[in-house]
Amino acid sequence: MGTYAARRLLWLPFLLLIVTFVTFALLRVGPGDPVQVWLGQHQNDEVRARLRAQLGLDDPLVVQYVRYVEGVVTRLDFGESLRYRGRPVSELLSKRMLVSLQLNAAVVIITLGVGIPVGLFAGLKQGTGLDVVAVTIALVFQSLPVFITAPVLLLMFALKLDLLPASGWEGFFSPNIVMPALVMGVPGIAIVVRFVRASVLDVMAQDYIRTARAKGLAESTVQWRHILRNAMLPLWTIFGFTIAGLAGGTFIVEIYFGIPGVGLFAIESFFQRDYPVLLAIAVITTALFVLANLIIDVTYSLLDPRIRVGGGNVT
Amino acid sequence: MKRKIFRILLMGAVLAALVGLVACGGSDEPPAAAPEPTAAPTATSAPAAAAPAATAPSEAPAPTATTEAMMSAGQPTAMGESCAPSADLTFDDRPPQGGTLVRLFADPPTLDPHLMGDVTSSVIGGEVFGGLVTLSLDYQPVLDLAETCSISEDGLVYTFVLRENAKFHDGKPVTAQDVKWSIERAADPDTLSHTAETYLGDIVGVTDKLEGTADEISGVKVVDDRTVEFTIDAPKSYFLAKLTYPTAYVVDQEQVTDDGTWLEEPNGTGPFKLATYEIGELIVLERNENYHLGPPHLESVQMILSGGSAMIMYENDEIHLTGVGLDDLPRLLDPNDALNPQLHRSPQDFDVFYIGLNVAEPPFDDVKVRQALNYAIDLQSIAENVLDGRVSPATGVIPPGFPSYTENLRSYQFNPDLARELMQESKYADALASGDFPRVTLTISGSFGAAIPTYLEVILEQWRLELGIEVEIQQTEWATFLQDVNDKKYQMFSLGWIADYPDPQNFLDVLLHSDSQSNHTNYGNPEVDRLLEEARTERDRARRFELYNQVEQMIIDDAPWVWTWFSGEGYALIKPEVSDYFLLQMSIPKYRYVYFNQ
Chain A
5 MGTYAARRLL WLPFLLLIVT FVTFALLRVG PGDPVQVWLG QHQNDEVRAR LRAQLGLDDP
65 LVVQYVRYVE GVVTRLDFGE SLRYRGRPVS ELLSKRMLVS LQLNAAVVII TLGVGIPVGL
125 FAGLKQGTGL DVVAVTIALV FQSLPVFITA PVLLLMFALK LDLLPASGWE GFFSPNIVMP
185 ALVMGVPGIA IVVRFVRASV LDVMAQDYIR TARAKGLAES TVQWRHILRN AMLPLWTIFG
245 FTIAGLAGGT FIVEIYFGIP GVGLFAIESF FQRDYPVLLA IAVITTALFV LANLIIDVTY
305 SLLDPRIRVG GGNVT
Chain B
78 MKRKIFRILL MGAVLAALVG LVACGGSDEP PAAAPEPTAA PTATSAPAAA APAATAPSEA
138 PAPTATTEAM MSAGQPTAMG ESCAPSADLT FDDRPPQGGT LVRLFADPPT LDPHLMGDVT
198 SSVIGGEVFG GLVTLSLDYQ PVLDLAETCS ISEDGLVYTF VLRENAKFHD GKPVTAQDVK
258 WSIERAADPD TLSHTAETYL GDIVGVTDKL EGTADEISGV KVVDDRTVEF TIDAPKSYFL
318 AKLTYPTAYV VDQEQVTDDG TWLEEPNGTG PFKLATYEIG ELIVLERNEN YHLGPPHLES
378 VQMILSGGSA MIMYENDEIH LTGVGLDDLP RLLDPNDALN PQLHRSPQDF DVFYIGLNVA
438 EPPFDDVKVR QALNYAIDLQ SIAENVLDGR VSPATGVIPP GFPSYTENLR SYQFNPDLAR
498 ELMQESKYAD ALASGDFPRV TLTISGSFGA AIPTYLEVIL EQWRLELGIE VEIQQTEWAT
558 FLQDVNDKKY QMFSLGWIAD YPDPQNFLDV LLHSDSQSNH TNYGNPEVDR LLEEARTERD
618 RARRFELYNQ VEQMIIDDAP WVWTWFSGEG YALIKPEVSD YFLLQMSIPK YRYVYFNQ
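Heads up: the sequence lines are chains A and B, in that order.
When we follow the numbering used here, the leftmost residue of the first sequence carries the number 5, and every step to the right adds one.
When we follow the numbering used here, the leftmost residue of the second sequence carries the number 78, and every step to the right adds one.
So here's chain A without its partners, still in its complex pose (with noise of 0.2 Å):
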């Protein structure tokens, strides 16, 4: 396991370098520039050449982009913010990151806090009505997307009810959190959902459940130690991909509700041409993700003997 492990770590770099030399060369070649932003309507070709020169931007992309992976590199340096002038991207990227953990953090528990538990009872009644409602309940609310969700959500609670507020962030245990977290993480519910559903089928059709109830157990003995302690290892799998998401904003949320997060910020800093930040961005999401499905993978299999990684044969 140890190789498997470090096998994946090696192919991280390069993964990394792909990403980040994607997202370089599309930022360059697309039009715009932060220099001309800086300029405004203050048009002046000598000026933008001169601070384009001064900047780099105009040598070969391959020596800007290899300058670039030598300050991360060597130095752990994301470079300044050409639209916070001399502002350290770091500094400015780790205020939003945290911020938008935190909302993440909200989805997450309310995806899984009412994901499994529904998941969960509509496995164990498979077939029945009450299957079927909540199924269907949740699909519903899959099917939703935040643009239609969003508006509602403001028009009811903000608007008319007045419980919530519109916008705004003031921190993890405030009502600005409510809506956004009910918009981001109801649709999520309806994929656990629909996971644990199946996973709780799939445990219920083996052998050694039909075994269990053929010794005489209590049929909640086999329902509780049997089915759902099998039925949850899968989805280790969905919380894996669901941290690793937690650091990456989520744009259209983040906007609606005026979050001030990774999503907004990378669109704000598009519209501003801030390379530096967009890099740092692209490379830090990636990072995570990829971290995060190898430490999902990795302890996979700690939790459950049965699969070996890496060990050859076995799925």
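No wet-lab data here; the hints were simulated from the structure.
Here the structure is a predicted model, which means the values were calculated and not measured.
Glycine included, C-beta positions come from ideal geometry on N, C-alpha and C.
Some hints here could point you the wrong way.
Said to hold, decoys possible - Computed Cβ-Cβ distance ranges for the label pairs, DEER-style:
#1 GLY60(A) - GLU461(B): 48 to 54 Å
#2 ASP62(A) - GLU230(B): 41 to 47 Å
#3 VAL33(A) - ILE356(B): 56 to 62 Å
Got chain A; can you put chain B on it based on the hints?
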């Protein structure tokens, strides 16, 4: 003289959206005050100027009798050879000092004055730093760090003598060397200032310094410890106005060279010290007891950066002032509303909005077509019915109240018959009749699928109805728009301009001289160019403004633009206990005037 000076920064979002102008550099007056998460894109032009619009709020008023005193203090006087009066003002009628003014604000993109090109940064910069000159409350250059200033006979050499009591926050006196070093730092290629060329470029030798071919700026000379001499390349009377911009602020050489983190506690010369700056959370400005123009009345100013709903915070007494959005306005205008007495009108920004016509491209290569477009739209009606009177039809390039503004221009009035007649006389008359009229596309900036402003749709509809001209709208994100409009790629575009410094040169010369890179329409009229050049160096103010009026009329007649709006007045709420918070039309350091009357 106006009895009250108000100001508006609010309506920003509204106007930005409406008029398709966007705010500069990211724009930022306090986003906080805008309750809706409109990620309004941004773009204007003019940093120095006032409100870029992206989001909302405020600035507020509280005019008193002292206003008049200040205004007159700001008037240029005829005394001696001095080129500007002093900004020094005394207030004997004020109650004891103290108190903390709280407001919402936005994160400034930078605290380095030499890199400032946006309003948000300039507001903080102007309180913490200072330069030789600043602007008075009626937008005249007045002396700040300098005690006297004189101009040589030929108008080329400006000599400033520093005030004896001009000191940095740490008590160190400001010397002529500090001034020279600061200007040279602003123009140093390594500083990466994008404003140095615009604001300092008239000084002899600045270009060499910017290009890296000179170590020093030959046009800035230290005469003695307190005397510094600037030589400019031509007798430009707007030079002093430019020198009020943050690019020319004085910084502490020792601190800047020795300390990489100097911006955390900048040693400026302004009325306030930067006591706290936590990104995204809070800025606290603290009174500078030794301020050379007399210490501010306020103990401190707190600027909340973490956002919040401005109206609610105002009503909860959490902040002292806020801009007013359209949603709240009807309620507040009701005289029976408890907040009504706290509502103040803020004056319009110095700006102009227009639809640029690329005169090098058909069908706009015919002046008659351009004039017809102007005559075919009923701006007055659109302003009243579509924009609720929040704007006024632009009658020229120079906004009302701005230096050289005149009401005596012949501008376009709604006249559909004349418009049709002009079209018939144009070389495109046949093409229009036969359906071969060139395709016309209007490009506007806007992102996030921002709605097309209704007033533009009405204008397009009027062109279709009155002239039979179909215009398509195309929307482009700001950075791309900027690049293309600068490359003169658009046939027709919607844009606005906000004053950088109070001089007509900043509008007419910058936007419409054929050599200016900010002239996006390919417009060029040799006579206009000649008059503009003459006005640059004309030293008689009255004669100079006459030239500008003449030029403005010629431009209106040539119609490189379809004129749309001057922005209108807005509203702000200010707590009754706050006095002398002036609502102004440009960004001018002003917290030092504010005091609590109880």
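Taking the hints in turn, this is what the structure says about them:
Between GLY60(A) and GLU461(B), the C-beta spacing of about 52 Å keeps the proposed range 48 to 54 Å intact. The beta-carbon spacing between ASP62(A) and GLU230(B), approximately 45 Å, falls within the hinted interval of 41 to 47 Å. At about 31 Å, the CB distance of VAL33(A) to ILE356(B) disagrees with the hint of 56 to 62 Å.
Going through the hint list in order, the structure does not satisfy hint 3, though it satisfies all others.
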